[in-house]
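Protein sequences, first through last, are from chains E and D.
Under the working numbering, the first residue of the first sequence is numbered -11, with each subsequent residue one higher.
Under the working numbering, the first residue of the second sequence is numbered 1101, with each subsequent residue one higher.
Read the hints as simulated data drawn from the structure, not as lab findings.
Built from N, CA and C at the ideal position, the CB exists for glycine as well.
You may find that some hints are simply not true.
[As the list claims (entries may be wrong)] SDA-like mimics (lysine to any residue), calculated; alpha carbons at most 20 Å apart, straight line:
(1) E:Lys309 <-> D:Pro1969
(2) E:Lys309 <-> D:Gln1663
(3) D:Lys1511 <-> E:Val(-3)
(4) D:Lys1407 <-> E:Ala156
(5) E:Lys309 <-> D:Asp1665
(6) E:Lys309 <-> D:Ala1509
(7) E:Lys309 <-> D:Gln1931
(8) D:Lys1511 <-> E:Arg46
(9) E:Lys83 <-> D:Ala1509
[As the list claims (entries may be wrong)] Per label pair, the in silico range of CB-to-CB distance:
(10) D:Thr1479 <-> E:Pro42: 46 to 52 Å
(11) E:Pro42 <-> D:Gln1199: 37 to 43 Å
(12) E:Pro42 <-> D:Arg1177: 20 to 26 Å
[To be verified] Sample of chain E residues with no beta-carbon within 10 Å of chain D, all distances over it, derived:
(13) Leu1
(14) Leu90
(15) Pro110
(16) Phe114
(17) Leu116
(18) Asn117
(19) Glu126
(20) Gln143
(21) Trp148
(22) Lys246
(23) Pro319
(24) Gly382
(25) Pro384
Here is what each chain is made of, one letter per residue.
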Amino acid sequence: MNPKLHQPVEQTLDQCIKCNICTTACPVAAVTDLFPGPKYEAPQAGRFRQAGQPTPDRSVDYCSGCRVCNMICPTGVKIAEINARARAVMVEQGKVPLLLRLRNNLIARAELVGKLGQPFHPLVNFALNIKPARWIAEVTLGIHRSAPFPRLTGQKFRTWFKQHPKPANASRKIVYFHGCSTQYYEPRVGRAAVRVLEANGYEVIVPPQNCCGLPLLSNGEFQAARKYHANNVRHLADYARQGIPIIGTSTSCTLTLKEEAPELLDMHDEATGLVAQMTYDFNELLLNLAAEGSLNTEFQPIPLTLGYHIPCQYRAHRLGKPGLELLSLVPGLTLIDSQATCCGIAGTYGYKKEKYEIAMEVGKPLFDFVRQIGEKIVVCDSETCRWQITHATGVPAIHPVELLAVAYGFPAEGPLAQLLTAEPRRTN
Amino acid sequence: MRQINTDVLVIGGGATGTGVLRDLAMRGFKAALVEKRDLTYGTTGRYHGLLHSGGRYVVKDPQAARECIEENRILRRIMPQCIEDTGGFFVLTPWDDPQYAPLFVAGCQKAGIPVEEITIDQMLQEEPALNPEISRCFRVPDASADSFLAADLNAESARQYGALVLTYHEVLRLITKGNQTSDGKGSFRVAGAVCQDLVKDEEVAIDADLVVNASGAWAGKIASSAGISISIRPGKGTMMAINHRVVNTVINRCKMPTDGDIIVPAHTVAVIGTTDEQVSDPDHFAIEDWEIRLMLEEGEKLIPGFKNYRFLRSWAGVRPLYQEENTSESRDITRAYVLLDHAERDGVEGMLTITSGKWTTYRKMAEATVDKVCEKLKTKRNCRTHLEALQSADAHLHRLGSRLAQVEAQKDFRNVICECELATYADIEKAILSAKANTIDDIRRDTRLGMGPCQGGFCTLRAAGILHQLRQPAIEQTNAALCDFLQERWKGLQPTLWGQQLRQERLDELIYLDVLNIDHLPGPKETRLKSEPYLPSERQETPSPGSNLPVETHSHLPRTSLQTDILVIGAGLSGLMAAWRGTAQGKHLRLIAKGWGTHYWGSGCIDVLGYIPATQALITKDLAGQLELLIKENARHPYAVCGLDQLQAALKAFQEVCKQGGYPLDGTLEKNWLLPTASGAIRPTCLAPSSMLAGDAEIKTPAIIVGFDRFFDFYPHLIAANLSAQGIPAQGILLDLPSLRSRRTLSGRILAQCFEAPEFCNEVVQHLKTKIPQVFQPGKELRVGFPAVLGLNNAHHIWKGLQQALGCPVFEIPGLPPSIPGMRLQQVLSQAIQSRGGEIFEGMQVQKAECSGNEVITVWSEAAARQKPHRAGQYVLATGNFIGGGMVSDADGNVAEAIFNLPLKKPAPSTPWFQSDFLSPTGHPIFFSGIKVNENLQPVDENGRVLYLNLSVVGSLLADTDPIRERSLEGIALATGYTAGTRLGEVQS
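The shape of chain D in the complex, shown without the other chains (with noise of 0.2 Å):
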């Protein structure tokens, strides 16, 4: 066992631990830290980041008020950088007893806090956003502040002065020497603690003359391992963060404190907070539905609108409450911290335990901690923590604007790794390099990676190709950290899934399983370092109101438009596919979309069917036995609903198109083609264009990746080594092109736009010959692989012109959104549809129709100052799922159709909307909702009676199924867009 000796030892990386060894290691002393995970893994890391100004506890609780003053005069000196001073109100709404507000302002003057009585006019100046029916406001000095920031340079600090860190290292018991009998009696002392160090998965024990047990909610766990038992009640607090900052100031309900009443504006998001539920263990908690319901509601009162608000995500840590005797509430136990030397206490030396308090007071309680363990020590040395300030590189004010500020001026716009959070690739180096990050989540604490709406969507797979190629570690060590990774942030988004968030996480499932396959990466997929989950909330049923969006009618209103034969709500793969089939007959069809569809983020592949929904078996070959069987298992499958002829039809169909608009797309039902992902992983797809093909895994001839330097969306090295690992020998290679190198901007679209210029093709092709001339020879067997950029209008022929130069074959590799492949076969329908006199027109939202019994009369688009009527024969619905738009959800769990209110199908109020595993084989139920159709894919009620005769709906509004589990999203699209396509151009109008 790996040994270590040390004066004193710490337990806990949180705020308090991290403030206690600054102050040993300051005062001389030789110390060591241990944390189970990364510092602040626990509660500092968890909470709502408020530096208190006192206000809050004034009533209650007015010592811990007086504390809490000091110290925030204290720590706006000592560490400016981690605090933001945003100011603090104290708002009487009309819910709160008026009484209260003398009492706070009495409070506050007693405890020496400033406060000052504002108009409600100021007030609102100020912040917009408060309910204007708020009667008082008192402003006082709260601020935010950065806790992962200050517990990094607490400890950084104290590494200077020479203490010991070590994260990752679990306490598995502390030491004891003596005599001690089994029930913990006996004369002996704490003489250090055994670890587990997660890392290397091996043992360390510390040796130490004194333990200081800051472990926080864990306290009563870490001391029981030495028979000592401590009444430590882990109180849960949930929060949850909104998207952006409604508030710039910390927003206080005037009352005495309860749950969901404080709003705290910090970084780029507001965090509303908390609730307060006594939980058995630190380790096993929920967030529960009423948590969340009921922050909304508090929310409401403070700021009308609330709701409406897109939150992030949600979290809950543990509060470290100490009660010598049970209390029923845990908010009526003083929020002052709690000392104990346990030799006073239970005749145990060689332990302090220090807990309770707040963030804000953490130095005050490091202070009084070490003033005891010199006591114990017998040596006297006086603290300075208050004196010397905090050292970082950076020691601007900390401020919201900052980081923008900063990529702004060096116009490092290529260098943004995290979009949400404009975390850049330094900052990811230097968490990597310099910070010592053990997985992707110790890099999110560093740098506020993947913290922002996305929700690593897009940052994960930057952050796993950066890590991978900094650290190259075994390949399945970079997968499981990247699945742990998106794992971690599902835990805190599934209790705020719903509106524009739920939309991001379909997108975020979009790409990471139907791009990027991860799911099927080599490797266990997930590690010992992974964050701990949640434990499910006991999800209650939610309201669902049978019907909402009532249907308005305009009669009113001019008819503006003249009218279609067939309008094409949507632009997606399926609503251009039945754009072009209706206007195969000469039938006037326009398209009109609020936007650009799913197929810009997609694989620009078509997938029919990967893996069989039910075993998850991937279908290499005979597919179409497979959906034969598959339909016949789901006859309501859109699939089912079509008939497989159709299927075949649309394919070949399609097909015909793309070559004709010199794009050809290859394959057929016989089988799936199997190509490598920007992830590395192997993906069933069944149409492909020929510029992916060479990639295909049935072949074996060794690869060269080939990535750019600092286009960070396509890491050579990553996928080489797993393609490696799945048999397939490659090699990863960066190019660094003096074409691209002064470029401030470097995207997938800008590297297409590079490829259309032969200039650039044969820059591209000598580098590759110089670099490695030994593998471009005549007679060695080969093949080059390019992230999928390799032109937009001209696809077909410059990967053709690079085979040609390279000698060898050539394949794409699609990767994150925006996919070039789809914008081609955009471009391709799109100019079919147009060539026929079809018109398609974006910026059109549709938000309401007209209907008069089972017909539609009129659909309405947003438009400037009034809504535009467009009316047709025949109208076509693809609007696709939550992630197109066509179905919306809210925080009252109401979900439905977002144009004519077509019943859904959706799962039962029971059933909970999620798995707890992000990437669930099975896929999260809420995802097999839907429209229920006839085999005219005309929507159906619950009796199979035809709704609207002239409406059909394709695509992936399509109920009973999940397209991207199933890896049949352009499949459906296809053959729902050319069945309906198909039918309404030979309907007679």
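Bound conformation, chain E alone (with noise of 0.2 Å):
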């Protein structure tokens, strides 16, 4: 008996007994009964699926990919990624109308609308705020005209890195996989974790990259995250040999490189095997610092209360709660765990004209819990959720690299700079 041995996605459907936990855990189906929940869709549905036959689905659309599911089955069912298969299939069969298709596949090209975008910022950042673009864009295109679009960066993460100076003393290397939302979105992230990094003694290497592919794979677009994903591997595979580290501050982009991407798209081959192997997420790379006594702890206190939420996609890490565990060793610095399952928008799920309310209304304990705490800011590991969050209360949301970086000496950025200005001296 080896209960270790890794079953293929839809083989796991057999650890299945019928329990009902993930059906009381899921948050999509705690609030639409046009999902009637995880059991169904996965385990039970998945005995009904016959490959090259008609598919049966339609429901399993709704699966917003939160994978909490996968994280409270007590026997190990890969719920998300059986329903991601099946929404493939609906693709691939044309099961979703062509318009519908168009708008994902729109949405989930984060990568190509900043390419385009970014050379026009102003203008794009313009149109994307005015109330007729997005009611045209909702009525065309089925874009909700509320979900929360994030504002072109004027300078590209890559851009400015290409201008940092490399650091005098570097002892060790690492690859950093910044991720479309750092390169043309946030790229104070990308600065944030470049200064870390450095401040550990690591020279950064930022090799050619492209999107993770996830937004792909969560809408059912296989073939084109395969390419993606293909890409990456070679861009990072030969690195990945050396025995030099992959990081990511983007935890969706991290956990699409050591697992979504090679399983779902049944890509088993050394390098992509190689790549996902080496990859780590930013928290936790560090804390394997910290473990080995090679972290640098000189933090300055950061005497902030601040609320912090886990991303779904985080957590499907299994690493529990670097993020927290990480800021924990910073003086000062208090983060209130928001104990929330989901803030709904799920990568591209809650930008869909469709769900748009389902992913509001998933996401509203987490943001109670957030204007209860009454901060100026939250902290939260991914892009999509900080949007979300943001969009959903107004109150701005960093990524923890962020707090390292002051906790370093660096000088804040964006929200984080405006609530150090304003309230500069906050003790206990």
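Assemble the dimeric complex from its two separately framed chains, guided by the hints.
As structure tokens, this is what we get:
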């Protein structure tokens, strides 16, 4: 007997003992009855699906892919993955209306949008914030008029990084996978990451890369996602071979590199495996350093008490709450865990006309928490979750690495800078 | 005696019998059919579901092969709704003689069976699970067939042509006329049969000009009552169903037919079959251990990793093989059919026997039989059964995804009763009302209810509830029907209970014994309609290697985690209790678990000891005294190990933490509460939430039991009838609330969410008061029972509010998982742990441990891309028994503790794991297995030596009791969790 053997995704449905725990935990099923729940969709419906036959599925498209079910399933059914694959079959068989598929492809390609839009960022940002344009986008494309679109940055992360001087006395190397949001929307997160890594003696390498492909995976666009992932592996494999860790600040990107892409796309070649093995979440790696005793712990106090929310895609790394653990090393800083399940956005889910309300309803307990804490900023590791929280509550959200950078004495940027200048000395 | 007259009487309601009946009726004969149980109860309902192309017989029995392919074509035409066109492969594995392949191809060509060799690449593309070592693959037009539906359609067609179908009519004897001597000799004729109507429990005489004995393997038995001897050799064949369609094509080995050489995809499962063993009596045979083993091994040759699949159940049927002379091997007998005219053969007029053959050729057999009937009755009427298609309401093509597509199209999620097989309320209702199902097993044959992975775990209660609501029989009858079905499922489950199916079975036990207490329902535990059992298997000793799962060391991997003082593994009640106590003194504690714990499935009460294990006597008073006796008799019982004072302290502490969490639990070791369950049985429990206490059976106030329309986990009429039968006047009411009407799903959790809103509570109260105004009158004594869904976060207040609004005591009744009361306990404990700085993480399945000497150094949990290490000073193992995943088992009979491979106490190799009776009061021996510990709950070896000093074991992983049978699950969890947590919380680290 070897319960540890890796099982193919679909075969894990054999693990289900029908206990209903997942149905109880599912944040989507809790707010809409268009989604009958994880047990129904994965281990149950899974027994009725057959390759090469017309797909019987419809409701599975309402799975947000948050993976809460995977986390609490006592028997190990890979529910979210089974659902993602069922949706991919729907897409492949043309069961998703063409216009919606076009829409999905648009919102799932933040990279393309960024690449095309960034040079014209003032114009695009303006256009994305005027009501008639959003109304048109909703009517024609099905992108909900209120969904939180991030603002394109004036200076892309890679542009900044090229000008950024290399540290003189780096003792180790690391590859930074910045992801699309850092590149086009929130380069401040990338700048903080580079500074924090350099403060720990790393020379940061930023190889060519594209979108991790997760938004495409969660929209069932597997072919396009495969291309993206294969490209990333091509760019990263050599570093992995040399034993250079690959680190990311976007918890969804790192999860995709580690697990989602290889598993969903059945990519089991040596290079993909190596890249997965060498990919680390930012906090995870720094905690490893702490355990080894090689973390720079010269933290300056940050006398703040802030709300913290762990994204679903971060929980799905099955590492616990490394963000909380790491930030607990910063003196003066207190983080209050939201204990909330999901913000609702689930990548691109909450952008869709037919799912926006569901997403907002799913995130309600979290939004209530953020409002109740009453602080001027909130901490969260994933970009779309940050945008969703800010959209719902008006409270700006930052990545934990931004706090670390400040703790190492680097100047704060963005919302954190505003907060620290507004209330520079609040002590406990 | 009731009397029926007919021209032709058909005995046997299988494929042949129903086929003959239809043919007779279509040719204008007045015909009746008797079947001792439901249609297809015999061999027809117990085969693998193959529509033969004939390929299987081309070398050995070319005549049978030709008949098969002819009939294959006809059946595809007349009953497309019963046939899934899967196609079939004949594959040559390394274990098969390559010389057979050319013979096979030539045979196919000769018999007219289309055969095409395909490349191995093509084969693997179509069926990726198949063994890549297969060297040749031939495609033939095999298919899979629904034999239940086909028999039903034949019977229905016959009815429309005027025939009579009498199920549950068992032939007692044939009626003979003329001079028959006591030794059966003399000149006489067969003139009908006397039957026992099992439902009405009366005899019925059926007179007929001609009797067609189509009773298959029972043909000899039937004929012998008229003194006619037919040598029918029942050949038992055993099959096993795999949980999902591992293949979508029929897979045959390309060789002479033998045991375990075929896999048929049928509906949601794949069936491997069969064995073939001569048995002396078609009513008495066992599923033997060697048969299961053989099929696993043969399956492995076709599909590598076969053994690791989940097997749902196993069943056996008896082939009717006719034999005039003795041959030693039953497979050598021709598979073509046999039609006997007993006038010619035995000089007895009035009876034909049609037997042998296969399901695939049933129609041809019927045609030949009825031709003979025409001849006997001196009339000429032509057969039309091959020309006229069988009609059914939904004549769509049989396809795996059909049922899912239908539910999806209607978005009618809430009406799914059997969730595994997607059988809906409408299906069940039809089976009960139109098809007049007598038992839940009858409903199953019509709807596939209970045939999926949980084997009736959830839908048996639902089916019983619906049956009771629609038919309103005496409650004892419903109760027995429920028990009958659980026992029917159990008889096929037993041979395949390992791995996840064992885990499933234990969950089913938790539901039916611990939560629903159905072994204490009023009335008998079985009926005369119950499915007949298999004989107990002569179980061979299963090899049990002393130690498996080597403990790996991975010291070269980075240490990712900062060390904690205490690491608790497992988030059930014992783990949570240990964690809560462990944090009391400010220790840094982390609790990690694969998923949520067993209390999500339980009653939400704390059972300490419900029944005295030895006598099964119900414990009402002096629980403490009974516990003293228990630990005196069983000095290794977990309660004995911790001591009763620890139990007492644990209960007190638990009550305190619940009270602080706003969710008080009441009770003491003085007595057990006697609270109603969702089956209507009364269950003993020690601590119960305040919101359940008004249901206590000691109170005799009349009760109103309130359910919600189309909330299929709760049946107020069933509960009320059972309570009434136990001396508590009760009435059931279904509320049809406007706010719930349009919902597509309605689970306990959704209802709990609804009750959180005051408007919903008001709606419920107003509806109740207007629906039964005469009941809600001042001064009238009354109490109201609801399903245990009265809110999740504010349950106590919601319950109080309802009491106030209704002006009478209100109580909750726990039922099918998920347990809302269990979730409340989880919330209370989790919050208590976290408020003291303890951390709780789910999704972390601990997979291995690194130990050094008698110390645990690190444990590793599964995580994305690589395992995550956890280091702690002290470890608490709270992963549960089979049900929680703390203990694992496999097809080879190995049982192990999943993480540390701690030595297990388990039944002696010669002891069977299971009793033949699902509800056996003594419990199944395998569930007494567990870990031996010392008084500190540290695991010890046979000599009592501590294995790991910094490891404590708590909860149902502990050996020497079956907590579900004795109703002590939560008590043991709390007592041991408390003991370990308290000790570790105080240890100097």
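- Would you say the C-beta atoms of Pro42 (chain E) and Gln1199 (chain D) sit inside 37 to 43 Å of each other? 42 Å, holds
- Message: Verify the CB-CB distance for Thr1479 (chain D) and Pro42 (chain E) against the hinted window 46 to 52 Å.
- Response: Holds: the Cβ-Cβ distance is about 49 Å, inside 46 to 52 Å.
- Message: Does Pro110 (chain E) clear chain D by more than 10 Å, comparing its Cβ with all Cβ atoms of that chain?
- Response: Given that every Cβ of chain D is farther than 10 Å from that of Pro110 (chain E), nearest at about 39 Å, it holds.
- Message: Minimum C-beta separation from Lys246 (chain E) to chain D exceeding 10 Å: can you confirm that?
- Response: Incorrect as stated: the minimum Cβ-Cβ distance to chain D is 4 Å, not above 10 Å.
- Query: Quick one, are Lys309 (chain E) and Asp1665 (chain D) close enough, alpha carbons at most 20 Å?
  - Reply: OK: Lys309 (chain E) and Asp1665 (chain D) at ~18 Å, within 20 Å.
- Message: A cut-off of 10 Å on Cβ-Cβ distance, and Gln143 (chain E) was said to be off the interface with chain D. Does that hold?
- Response: At roughly 32 Å from the nearest Cβ of chain D, Gln143 (chain E) sits farther out than 10 Å, so the non-interface label holds.
- Task: Run the C-beta distances from Trp148 (chain E) to all of chain D and say if the shortest one exceeds 10 Å.
- Result: 29 Å, holds
- Message: At 10 Å, judged by beta carbons, does Leu116 (chain E) keep clear of chain D as stated?
- Response: It holds; Leu116 (chain E) is separated from chain D by about 33 Å at its closest Cβ, greater than 10 Å.
- Measuring Cβ to Cβ, find out whether Pro319 (chain E) lies farther than 10 Å from everything in chain D. The claim stands: Pro319 (chain E) keeps its Cβ more than 10 Å from every Cβ of chain D (closest is about 16 Å).
- Message: Holds or violated: Lys309 (chain E) and Ala1509 (chain D), Cα atoms, limit 20 Å.
- Response: 41 Å, violated
- Message: Against the 20 Å threshold, does the CA-CA distance of Lys309 (chain E) and Pro1969 (chain D) hold or violate the hint?
- Response: 14 Å, holds
- Message: Check whether the Cα positions of Lys1511 (chain D) and Arg46 (chain E) lie no farther apart than 20 Å.
- Response: 9 Å, holds
Hints 3, 4, 6, 13, 22 from the earlier list are contradicted by this structure; the remaining hints agree with it.
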